[in-house]
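Novice: Here's the letter readout for the chains.
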Amino acid sequence: MNVTSEQKAQGIFIVTVAGSLDSNTYKQFEQKIDALLSEATELIVFNLEFLTYLSSAGIRVFLKARKVLKNSGGQVKFLNLKPQIKRVFEIINAIPSMQIFESTAELDRYLDAQMKQVIAGED
Amino acid sequence: MRTDITLKNDLIEIERLAGLVRDFGRENRLSEDLVWEIRLVLEEIVTNIISYGYEDRADHAIDVNMVNSEQEITLKVRDDARPFNPLEQPVPDLEIPLEDRGIGGMGIHIVREIMDEIDYKREDNGNLLVMTRRK
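Protein chains in written order, with the numbering used here: chain R, 1 to 123; chain D, 1 to 135.
Calculated from the structure, these hints are not laboratory results.
All the given hints hold, so there is nothing to weed out.
Pairs of lysine-lysine residues, derived as DSS-like cross-links and limited to a Cα-Cα distance of at most 27 Å, are as follows:
#1 LYS86/R x LYS135/D
#2 LYS86/R x LYS67/R
#3 LYS86/R x LYS8/R
#4 LYS27/R x LYS8/D
#5 LYS70/R x LYS27/R
#6 LYS82/R x LYS8/R
#7 LYS135/D x LYS82/R
#8 LYS32/R x LYS82/R
#9 LYS64/R x LYS82/R
Isolated chain R, as found in the complex (with noise of 0.2 Å):
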């Protein structure tokens, strides 16, 4: 299991996990995150194109990630869901509450109309 993190714009973060999520890889990964929840962030895009493997014990994290940043006002959204990923997440009917980005593009649409909304707001 590999993190990281890109920061898009203020509060903005893209997170790429690649490889196994699973209980024995959970707890690094949710180091990772909480730091990201511990600042001002907004928005969590979460790459899941290289994730090779998800269990319940990563799910709690993307869950709890959510939880934290709804509290908050913020987002988390889903970027890349391959086949085998999204059905553990049908399983336990999370995708009609899931924001989910189908490619990078339609992510990069998104963005883009949300800084033209902070920079409209600006004037």
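Knowing the structure of chain R, use the given hints to seat chain D on it.
Specialist: Positioned in the frame of chain R, the structure of chain D alone reads:
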């Protein structure tokens, strides 16, 4: 073909378990999806045992047995942990928004969704779980 594994009660074993399930899948020419499911089910069960099953800090053995037959995959997990019958766990209410749901029971729910039959027995001071998944 069958595979027998003995795991220690340490979460570091989850990685070894994953490798052994992959080998079992390769030897039996199982689909990638089926291998994923077996790995997920066994991880959820074994993680529960390691995390909540023991009252002492001693070493314990968890025996895992995988059998591939023409019709089905059978998975057996035997431990010497405190009594725990996953079939008696309340089914999580999946209609409740995720944020408001308790986080407990998610692993067992995943196991129930994937496997077709689950039998639980308390015997010889341990738990025996026998799970089958039709192909």
